[in-house]
Amino acid sequence: MEENDRSTIQFRVNEGVAHLILNQPPSNKMTLAFFSEFNRIIDQIQDNPAIKALVISGNGRHFSSGADLPALLAEIQKQSEVDTVGKLSFIPDFMRANYQSILKLEAMNIPVISAIRGVCLGSALELALFCHFRFCGEDTVFGLPETSFNLIPGLGGIRKMTSLAGKANALEFILRGKTFSAADALKIHIVDRIFPKRQVVDITLGFIRKIMDDYRKEKSGMYLKKFLPV
Amino acid sequence: MEKIDKITWEIRDDIGIITLDNPPENYLVRPEFLPYDTLKKWTSYDYLKGILICGSGKHFSGGGKLENLYEMIKANEDIASRMEEGKAVLDHLENLTIPIAAAIQGICFGGGLEIALACHIRVCSENALFAFPEINSRVLPGLGGTVRFHELAGFPESMKMILGGDMINAEDALELKLVDQITPKATLFDHTFNLLKKMTYDRPMEVIHGVMQALQNARKLSHLEAMQQETRIFCELALTEARRRNKNNAK
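For the record, the sequence lines run as chains A and B. Counting from 1, position 110 in the first sequence corresponds to residue 110 in the working numbering; the numbering is continuous, with no gaps. Counting from 1, position 145 in the second sequence corresponds to residue 145 in the working numbering; the numbering is continuous, with no gaps.
Hints in this document: simulated from the structure, not taken from any laboratory. Note that the structure is predicted; figures quoted are calculated from it, not measured. Be a bit skeptical, because a hint or two may be false.
[As the list claims (entries may be wrong)] Listed next, the in silico EDC-like pairs over lysine to aspartate or glutamate satisfying Cα-Cα at most 16 angstroms (straight line): (1) A:Lys197 with A:Glu138; (2) A:Lys78 with B:Glu241; (3) A:Lys87 with B:Glu94; (4) B:Lys6 with B:Glu25; (5) B:Lys3 with B:Asp21; (6) A:Lys104 with B:Glu225; (7) A:Lys187 with B:Asp21; (8) A:Lys104 with A:Asp47; (9) A:Lys178 with B:Glu241; (10) A:Lys87 with B:Glu206.
[What the hints assert, rightly or not] Partial pick of chain B residues on the chain A-facing surface, computed with a CB cut under 8 angstroms: (11) Tyr36; (12) Thr97; (13) Pro99; (14) His120; (15) Glu230.
The beta carbon of each residue, even a glycine, is placed where N, CA and C say it ideally should be.
Kindly generate the complete structure, drawing on both the sequences and the hints.
In structure tokens:
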């Protein structure tokens, strides 16, 4: 068993199951340090054939309240090159690295499930959307509030909301920036199952342990669907 | 208010309203819906935050009238180029980077359904009915309806609707994801109009365009390109927002 408890992420591997925990409680805000740690761990998981499944959750009551906005804005401004009319000439490297990690997460050939409770907002929801499945507690609050800060979801959240929930729902939830409940999330196919909040993480770990060996052979979301706990 | 070929255009609270105004069935006078230049002119105002398309009275639209089409063919009119223009009109609507919603009640057939399919959001009343009756006259939807319907509902359902000419009600349409919401008909217009207003109210234009552009990309670009573009739009808005906050702090 490997363990690393010092930083923005707790990461442990136990009998083939990797557990990545966002670790800046209570809000588990996704700071710049979090993202660079996250990118490093994703590469590490990809390079480790002993890892057969990945569960992502938050430390404590919440999954995460999303990105550390002031720090993110400042860093984008610092790292952006603009042309003569003040337009962005290219995407800053660290932002590129972030969406590339999220794409790697999505493309993993091991099952990736997020176990969500409390708040799951902005970039945190985007991260969860790119997992293969989402289990959540009954009182989870979801939202993509970026537009209320004059921004948009920038890590593929718009793309993923559209494919999961359809154009109209994506448009409404993103433009209004309103939070929505676990029940709403289930209805628009943003989450796959709702469980009692205290049990979400344990149920997810137990479930993924049961299916992970077959998943490697099948690599099929449909196959996993058959085994989803009710 | 402007009017052409029994279709009216007005702007209320920065939301454009296109009314199919040929009651009772609101048949389209032109099979191509609207002249392309007219639609382009109507939608060119840069303060426009959304567009609502609805029918006058009890119905959305019965679509084009086949008799008209036969008359045109008899008169040696170039039907093909009219249909091309119609497709360009609906593509233009669909590609606009502001939200377009259809408020549908009563019948929504043929060309009417094709117009609704080009919208980003479809709200209907419980009494709405949907069909592609073209097959009964040995033709098929000609304004992109086959493609858009297939995109929404998949192959088997498209065959049932387009080849079978089946009519479906509001609940079936919701199940097929052909419509996004059902509301009582008495509040249909207000509900849809308020939905557009709530979505766009106090949102800066560049944020609305950014979200819409990213949504359009999701449909048109590869997965990777769409991701890149989304992050790019985010960074551009973030840059603007960072400058704005700096300025406010300096004050």
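Results of checking the hints against the structure:
At most 16 angstroms may separate the alpha-carbon atoms for a hinted pair to count; Lys197 of chain A and Glu138 of chain A meet this at roughly 6 angstroms. A threshold of 16 angstroms between alpha carbons decides the hint, and for Lys78 of chain A with Glu241 of chain B the separation of about 13 angstroms falls inside it, so the pair holds. A C-alpha spacing of about 27 angstroms is found between Lys87 of chain A and Glu94 of chain B, which places the hinted pair above 16 angstroms, so the restraint is violated. Between Lys6 of chain B and Glu25 of chain B the alpha-carbon distance is near 12 angstroms, which keeps this suggested pair within the 16 angstroms criterion.
Between Lys3 of chain B and Asp21 of chain B the alpha-carbon distance is near 9 angstroms, which keeps this suggested pair within the 16 angstroms criterion. For the given pair, Lys104 of chain A sits about 15 angstroms from Glu225 of chain B by alpha-carbon distance, which is consistent with the 16 angstroms threshold. Taken as a hint, the Lys187 of chain A and Asp21 of chain B pair is broken in the structure, with Cα atoms around 36 angstroms apart against an allowance of 16 angstroms. Among the hinted pairs, Lys104 of chain A with Asp47 of chain A is consistent with the structure: their alpha-carbon atoms are about 12 angstroms apart, no more than 16 angstroms.
For a cut-off of 16 angstroms, the pair hint linking Lys178 of chain A to Glu241 of chain B is broken: about 20 angstroms separates their Cα positions. This hinted pair checks out: Lys87 of chain A and Glu206 of chain B have alpha carbons roughly 13 angstroms apart, not beyond 16 angstroms. Given hint, Tyr36 of chain B at the interface with chain A, is violated; its Cβ is 24 angstroms from that chain's nearest Cβ, farther than 8 angstroms. Proximity of Thr97 of chain B to chain A is violated relative to the hint, the smallest CB-CB distance being about 11 angstroms (cut-off 8 angstroms).
With 8 angstroms as the threshold, the beta carbon of Pro99 of chain B comes within range of chain A, its nearest partner Cβ sitting at about 6 angstroms, so the hint holds. For the restraint placing His120 of chain B at the interface with chain A, the shortest Cβ-Cβ distance is roughly 6 angstroms, inside the 8 angstroms limit, so the hint holds. About 6 angstroms separates the beta-carbon of Glu230 of chain B from the nearest beta-carbon of chain A, less than 8 angstroms, and the hint is met.
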